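J.: Counting from 1, one number per residue, gives the positions in the sequence shown under this note's numbering.
Don't read these hints as lab results, they were simulated from the structure. Given the structure is predicted, the values throughout are model-derived calculations rather than measurements. Careful: at least some of the hints might be erroneous.
Stated by the list, open to error - Derived BS3-like pairs (lysine-lysine); straight-line CA-CA distance at most 30 Å:
no.	residue 1	residue 2
1	K266	K278
2	K266	K337
3	K51	K36
4	K373	K357
5	K337	K256
6	K157	K51
7	K266	K422
8	K422	K357
9	K256	K373
10	K36	K157
11	K51	K71
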Amino acid sequence: MLKLDGLTRWVLTIICGYLFQAGFKVLYRLYFHPLKNFPGPWLAAATGWYKFYCDVICGGQYIFHIRQLEKELDSNIIRVSHNHLLINDPDFFHEMNPSFYHRLPLTNSLPALADSKLHGVRRRQLNPVFTPSAVAEALPTLSINLESIGEILSRAKRDGAAVDIQADFFYLTYCGARLDDVYVKRRHKEKPSRDTGKRTLSDVLLDSAEGKGVHLDRKYLIDESVLFMFVGTDTTAYALSFAIYYLLTHQEILNKLRDELRGSEKQIRSHDWPAVRKLDYLSAVIEEVLRISCPVQGFLPRVVPPSGCLVGSTFIPGGTVISVPLSGISNSEVIFKEPSSFRPERWLGDSGKSIEKWRVQFSLGPYACIGMKLSQMEMTTSLAYIFARFDLALHDTDSSSMQVFDYLLVVNTSHVQVMVLKDHWG
Numbered sequence: 001m002l003k004l005d006g007l008t009r010w011v012l013t014i015i016c017g018y019l020f021q022a023g024f025k026v027l028y029r030l031y032f033h034p035l036k037n038f039p040g041p042w043l044a045a046a047t048g049w050y051k052f053y054c055d056v057i058c059g060g061q062y063i064f065h066i067r068q069l070e071k072e073l074d075s076n077i078i079r080v081s082h083n084h085l086l087i088n089d090p091d092f093f094h095e096m097n098p099s100f101y102h103r104l105p106l107t108n109s110l111p112a113l114a115d116s117k118l119h120g121v122r123r124r125q126l127n128p129v130f131t132p133s134a135v136a137e138a139l140p141t142l143s144i145n146l147e148s149i150g151e152i153l154s155r156a157k158r159d160g161a162a163v164d165i166q167a168d169f170f171y172l173t174y175c176g177a178r179l180d181d182v183y184v185k186r187r188h189k190e191k192p193s194r195d196t197g198k199r200t201l202s203d204v205l206l207d208s209a210e211g212k213g214v215h216l217d218r219k220y221l222i223d224e225s226v227l228f229m230f231v232g233t234d235t236t237a238y239a240l241s242f243a244i245y246y247l248l249t250h251q252e253i254l255n256k257l258r259d260e261l262r263g264s265e266k267q268i269r270s271h272d273w274p275a276v277r278k279l280d281y282l283s284a285v286i287e288e289v290l291r292i293s294c295p296v297q298g299f300l301p302r303v304v305p306p307s308g309c310l311v312g313s314t315f316i317p318g319g320t321v322i323s324v325p326l327s328g329i330s331n332s333e334v335i336f337k338e339p340s341s342f343r344p345e346r347w348l349g350d351s352g353k354s355i356e357k358w359r360v361q362f363s364l365g366p367y368a369c370i371g372m373k374l375s376q377m378e379m380t381t382s383l384a385y386i387f388a389r390f391d392l393a394l395h396d397t398d399s400s401s402m403q404v405f406d407y408l409l410v411v412n413t414s415h416v417q418v419m420v421l422k423d424h425w426g
C-alpha cells in the first residue's frame with residue numbers, strides 16, 4: 001500500500017479542494033445560475049478560458065466571434081461569460097438608465113465611475129479642458145501640428161518616399177494629457193510655483209480641487225491621464241487612418257469632398273477652422289468614417305441595478321453585467337441600409353435626419369465622451385488640410401491591412417501608408 005508523507009497529503013488535499021471548488025463553480029454556472037437559460041457557448045458560461053482563447057490566442061477577436069454567434073444563434077441576447085450578457089438591441093441603448101453602474105478598466109477614470117454624483121463632480125472638474133472656448137484655444141497648436149505633417153508629406157513628394165501617415169496621426173492628435181507616474185507623484189505633493197502659461201489636464205484637476213476639500217489620490221490622476229493619453233489619441237488617429245483608406249478607395253466620394261474643399265481653400269489655408277467645420281459633405285464623411293470604423297468596437301459593460309431591468313419582454317436579473325456594443329449599432333441592417341458600404345450621403349438631408357439619433361460613436365448622455373468636440377475638430381481640420389493640399393495614393397496598404405483587433409482600443413493589422421502624388425500648394 002502506497003504511503004504518503006505529511007507534505008504530500010497536504011498538497012493532494014489542496015489540489016483536490018481546488019478541483020472540487022472549480023467543478024462546483026462550473027456546475028453552478030451551467031445549471032443553477034440566473035442566466036442559465038440564455039443562449040451562448042457553454043465554455044464561455046463556465047469559465048474565462050473562452051474569452052482568453054479568443055483574445056489572447058486568436059488575438060483580439062472575442063467581440064467579433066461573439067457578433068458572429070449572434071447570427072448563428074439568431075438571438076439578440078447572448079451569454080458571453082458566466083455573468084455577462086451581450087445585447088444586440090439598438091433601442092435598448094437609448095433606454096439604458098444612466099444609473100446602471102459602469103464596469104471598466106482604469107476604475108478611477110471618468111467613464112468607469114459608478115457613483116453618478118462623483119462622476120458629475122469629476123466631469124465638472126474636467127469640463128474646462130473641453131469647452132468650446134478651450135477647443136478654440138487648442139486650434140493654433142493643432143495648426144502647427146498640421147503644418148508639420150504637411151512638411152513631412154511635401155518632403156516625401158520630393159523624395160519619392162512612402163509615408164506612414166497613421167503613425168503621424170498619433171502625434172497630431174496628442175492633446176497634452178500625458179502624465180507619467182513620476183510626474184503625478186511630484187505634482188500631487190506640491191504645485192510648482194513657475195507657471196508656463198499652458199494648462200494641462202493635471203493643472204485643471206489640481207486647481208479645481210484646491211480649497212474645496214476634494215481629495216485627488218495618485219491612482220485617480222494616473223488612471224485619468226492614461227485614459228486621455230491613449231483613448232484620446234489612439235481612437236482619433238485610428239479613425240483618421242480609416243478615413244484616408246476609405247477615401248482613397250472610393251474615388252467618387254473623394255472627388256465630391258475635394259470639390260467642397262476647393263470652395264473653402266481660402267479658409268483652409270488661413271486655418272479658419274470654425275468655418276471649415278460647417279462644411280456639410282466633410283461632416284458627413286467624418287460621421288460615416290466613425291460609423292464604419294467604429295473606434296470603440298468592444299464591450300461597454302454596465303451592471304444592472306438590484307431591481308433588474310427589461311430588454312423588450314425579457315427580464316435581466318439585478319447584478320448582471322450587460323453590454324450593448326456600439327459596433328452592433330453601427331452595423332445594424334435595421335438602422336442603416338447596406339451598413340458595410342461607405343456612403344457619407346446617408347448622413348445628408350432627410351436621410352440624415354432619420355438616423356440622427358444613431359450618431360452614437362461618442363456615446364450619449366452623462367457618460368458621453370467628454371473629448372468629443374476636440375476629436376471632431378481634429379478630424380475636421382486634418383482631413384480638410386490633407387485633401388485640400390495633397391493628392392495621395394495608398395502604398396503597401398489594402399483591405400488586409402484594415403483587419404481590426406479589439407484590445408479595449410482597436411488596432412488594425414498594419415499602418416496605413418501613402419505616396420504623395422501632388423502638392424497643390426508646393
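J.: Can the restraint linking K337 and K256 be considered satisfied, given a maximum Cα separation of 30 Å?
T.: holds (21 Å)
J.: For the pair supplied as a hint, K266 and K337, is the alpha-carbon distance within the 30 Å limit?
T.: Distance of about 36 Å is beyond 30 Å: violated.
J.: Run the distance test for K256 versus K373: straight-line Cα separation, threshold 30 Å.
T.: holds (25 Å)
J.: Holds or violated: K51 with K36, Cα cutoff 30 Å?
T.: holds (18 Å)
J.: Would you check the hint for K51 and K71, treating anything up to 30 Å between C-alpha atoms as holding?
T.: Roughly 19 Å separates the two Cα atoms, so the pair holds.
J.: Between K422 and K357, is the straight-line Cα distance small enough, at 30 Å or below?
T.: violated (39 Å)
J.: For the pair we were handed, K157 and K51, check the Cα-Cα distance against 30 Å.
T.: The given pair, whose Cα atoms are some 45 Å apart, is violated under the 30 Å limit.
J.: For the pair supplied as a hint, K36 and K157, confirm whether the alpha-carbon distance does not exceed 30 Å.
T.: violated (61 Å)
J.: Would you mind confirming whether the straight-line C-alpha gap from K266 to K422 stays at or under 30 Å?
T.: Since the Cα atoms of K266 and K422 sit roughly 19 Å apart, the hinted pair holds (cutoff 30 Å).
J.: Mind checking the alpha carbons of K266 and K278 for me, to see if they're no more than 30 Å apart?
T.: holds (14 Å)
J.: What's the verdict on K373 and K357, does the C-alpha distance respect the 30 Å limit or exceed it?
T.: Answer holds: K373 to K357 is near 17 Å, not above 30 Å.
The structure fails hints 2, 6, 8, 10 (numbered hints given earlier, in ascending order).
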